[in-house]
Amino acid sequence: MSTVVLETHNLLKRFGGITPTNDVSLKVHKGARHALIGPNGAGKTTLVNLLTGVLEPTSGRISLDGQDITRLAPHHRVRRGIVRTFQINQLFNELTPLQSLALTVSAQLGISQKWWNPLGSDARVAGLCEKLLKQFRLDDVMDQKVSVLAYGKRRLLEIATALACEPRVLLLDEPVAGVPEGERQEIFDTINALPADVSILLIEHDMDLVFNFAKTVSVLVNGAVFAEGDVASISNDPRVKSVYLGEGVHG
Amino acid sequence: MSAVQTSLRADARWRWWELALGAAAIVSLFIPGGHVLLLNEIAILALFAVSLDLILGFAGIVSLGHAAFFGFGAYTAGLFAKHVMPDPLVGLVVAMGASALLGAVCSVLVLRGSDLTRLMVTLGVAAVLYELANKLEFTGGADGLQGIVMGPLLGRFEFDLYGRTAYAYSLITLIVVMLIARRIVHSPFGYSLKALRDNRLRATSIGLSVNLRLAAVYTLAAAFAGMAGALMAQTSGFASLDGLDFHRSADIMLMVVIGGTGYLYGGIFGAVAFKLLHEVLSAWTPQYWTFWLGLFLVVLVMVGRDRLIRPWTWFKRGGGA
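Residue numbers (our numbering), protein chains in the order written: chain A, 3 to 253; chain B, 1481 to 1801.
Keep in mind the hints are simulated off the structure, nothing from the lab.
Please note that a few of the clues may not be correct.
For lysine to any residue, the following SDA-like pairs were computed, each having C-alpha atoms within a straight-line distance of at most 25 Å [said to hold, decoys possible]:
| hint | chain 1 | residue 1 | chain 2 | residue 2 |
| --- | --- | --- | --- | --- |
| 1 | A | K147 | B | D1678 |
| 2 | A | K136 | B | A1483 |
| 3 | A | K147 | B | L1581 |
| 4 | A | K147 | B | R1493 |
| 5 | A | K147 | B | E1759 |
| 6 | A | K116 | B | R1662 |
| 7 | A | K32 | A | G68 |
| 8 | A | K155 | A | V212 |
| 9 | B | K1562 | B | L1581 |
| 10 | A | K116 | B | W1494 |
| 11 | A | K136 | B | R1489 |
| 12 | A | K133 | B | D1491 |
| 13 | A | K133 | B | R1489 |
| 14 | A | K116 | B | T1770 |
| 15 | A | K147 | B | W1497 |
Each pair of labels, with its calculated beta carbon distance range [stated by the list, open to error]:
| hint | chain 1 | residue 1 | chain 2 | residue 2 | range |
| --- | --- | --- | --- | --- | --- |
| 16 | B | M1782 | A | Q187 | 31 to 41 Å |
| 17 | B | D1491 | A | K217 | 16 to 26 Å |
| 18 | B | L1616 | A | L111 | 41 to 51 Å |
| 19 | B | V1783 | A | N119 | 33 to 43 Å |
| 20 | A | R126 | B | F1618 | 49 to 59 Å |
| 21 | B | L1788 | A | H207 | 22 to 32 Å |
| 22 | B | R1592 | A | R63 | 22 to 32 Å |
| 23 | B | I1789 | A | R63 | 42 to 52 Å |
| 24 | A | R126 | B | D1491 | 14 to 24 Å |
| 25 | B | R1790 | A | R126 | 53 to 63 Å |
| 26 | A | W118 | B | Q1767 | 22 to 32 Å |
All residues carry an ideal CB built from backbone N, CA and C; glycine is no exception.
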């Protein structure tokens, strides 16, 4: 059994009468390729928001490497390696892709608070940016403002920004939402190329992508973990089929 | 140097018009004539406006009470000259430090809430300081702090009646602050301000401490505003309630808006345009000049700054606009 990196203990979140996260105990192992699926409104994004500290849980705990991080501020969690992408692009619209990545890389290198030397005066920054821009095919638009970029490019930048944070645990909230069919696999190829010890938790609707990518699958229904197991057992589980996949599912 | 490196450095490169502006500033020191008092005021207001642009244009903090720091700096410099020592440079540094301290304390208030909350909080802080200065004994109450006598600058240059020394002093202070601010906005810290202005959620998600950075830039802006206030008190020999008044905060906001936010020089262009408009319009119609100012603002916003300063595009059709 590999080591658990990120773990939730009886995590619960209540908004008034709604309980989007209900007693969730989830283990993400080191190097996991873990998918989180579930029908709309199952509480997948809420769970990511709890894990990253955007929301505070009503009760329950979250631990990283065995240390409690339930009350840790979001930016400290990022520095400890929990990095996410957003379902809806969250970008710096008035910066260029290059500047966005250079700032992100600077934050990662611990030099983002420097206030006297220009951005990118550290040689490492340019090197890392160049690599990311090439990898995500953003080099041709690196000097354009993010706000004028095409949607596909912005999506790539969203993911490139997350990878620039050098995640240990990467939370991907529907990374290919709105990306044309043909380009989806390419994004997943990039994600698959990440070092084997990076743990990835993927939220995705496209079942083909999930079953191609993941080794472990957790099914969330009404805020609670409904089923959990490896890809084969989940895809053949009749309960999962009836609750989530419905009838019209191919494969 | 790689293309990426070149691009990264492109923003920090000196533009021709920046150098021209610097040259114009230095030439303006040697123009004979009676406009020195006006020029001095423009330099001071430009410094004040640049300080507001740092928080408004870069960090996205909307403030309608930035005069709090201007007035605080003015009173601090005035009191320091009266009771401690008359040296202007020491007074300037003291006023800067005191305003920075006040800014650091007040920054706690602008970290949370929406733009509207910040608008109200900043307005409130300025109103509190205004009434304190009005009520307290040692600030001179409604009469203001009068009879501030400054020593010579650097022990050599007396503040003369024509205001030449005063203008040189204010202008050089402005230039030094601009050089510092320019380095800051091109640094990783400067970019992080724009980043958290654009998207706080994302700024947090790349590991930036949003609150710490907002507090830092608010403190810095307060320090620069305090310097502007100190210059005003020192070069006019007078610190008054006017420096803390609401209209100061509103005027400076107008200047930044007229000049444009978020590229550092908007404050300077705005201060020049605002004061020149004031001079021309109030000479023409002393009582109703704000009517024309208001009209100008409406036209500026409706037509757009980029188009307004390029008259040759006014009568062209289309043009992608």
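Do the hints match the structure? See the list:
{"no.": "1", "hint": "K147/A - D1678/B", "verdict": "12 Å, holds"}
{"no.": "2", "hint": "K136/A - A1483/B", "verdict": "12 Å, holds"}
{"no.": "3", "hint": "K147/A - L1581/B", "verdict": "36 Å, violated"}
{"no.": "4", "hint": "K147/A - R1493/B", "verdict": "18 Å, holds"}
{"no.": "5", "hint": "K147/A - E1759/B", "verdict": "39 Å, violated"}
{"no.": "6", "hint": "K116/A - R1662/B", "verdict": "14 Å, holds"}
{"no.": "7", "hint": "K32/A - G68/A", "verdict": "12 Å, holds"}
{"no.": "8", "hint": "K155/A - V212/A", "verdict": "23 Å, holds"}
{"no.": "9", "hint": "K1562/B - L1581/B", "verdict": "21 Å, holds"}
{"no.": "10", "hint": "K116/A - W1494/B", "verdict": "21 Å, holds"}
{"no.": "11", "hint": "K136/A - R1489/B", "verdict": "19 Å, holds"}
{"no.": "12", "hint": "K133/A - D1491/B", "verdict": "21 Å, holds"}
{"no.": "13", "hint": "K133/A - R1489/B", "verdict": "18 Å, holds"}
{"no.": "14", "hint": "K116/A - T1770/B", "verdict": "43 Å, violated"}
{"no.": "15", "hint": "K147/A - W1497/B", "verdict": "23 Å, holds"}
{"no.": "16", "hint": "M1782/B - Q187/A: 31 to 41 Å", "verdict": "49 Å, violated"}
{"no.": "17", "hint": "D1491/B - K217/A: 16 to 26 Å", "verdict": "44 Å, violated"}
{"no.": "18", "hint": "L1616/B - L111/A: 41 to 51 Å", "verdict": "49 Å, holds"}
{"no.": "19", "hint": "V1783/B - N119/A: 33 to 43 Å", "verdict": "39 Å, holds"}
{"no.": "20", "hint": "R126/A - F1618/B: 49 to 59 Å", "verdict": "54 Å, holds"}
{"no.": "21", "hint": "L1788/B - H207/A: 22 to 32 Å", "verdict": "49 Å, violated"}
{"no.": "22", "hint": "R1592/B - R63/A: 22 to 32 Å", "verdict": "26 Å, holds"}
{"no.": "23", "hint": "I1789/B - R63/A: 42 to 52 Å", "verdict": "58 Å, violated"}
{"no.": "24", "hint": "R126/A - D1491/B: 14 to 24 Å", "verdict": "19 Å, holds"}
{"no.": "25", "hint": "R1790/B - R126/A: 53 to 63 Å", "verdict": "42 Å, violated"}
{"no.": "26", "hint": "W118/A - Q1767/B: 22 to 32 Å", "verdict": "49 Å, violated"}
Hint compliance for this structure: hints 3, 5, 14, 16, 17, 21, 23, 25, 26 are broken, all remaining hints hold.
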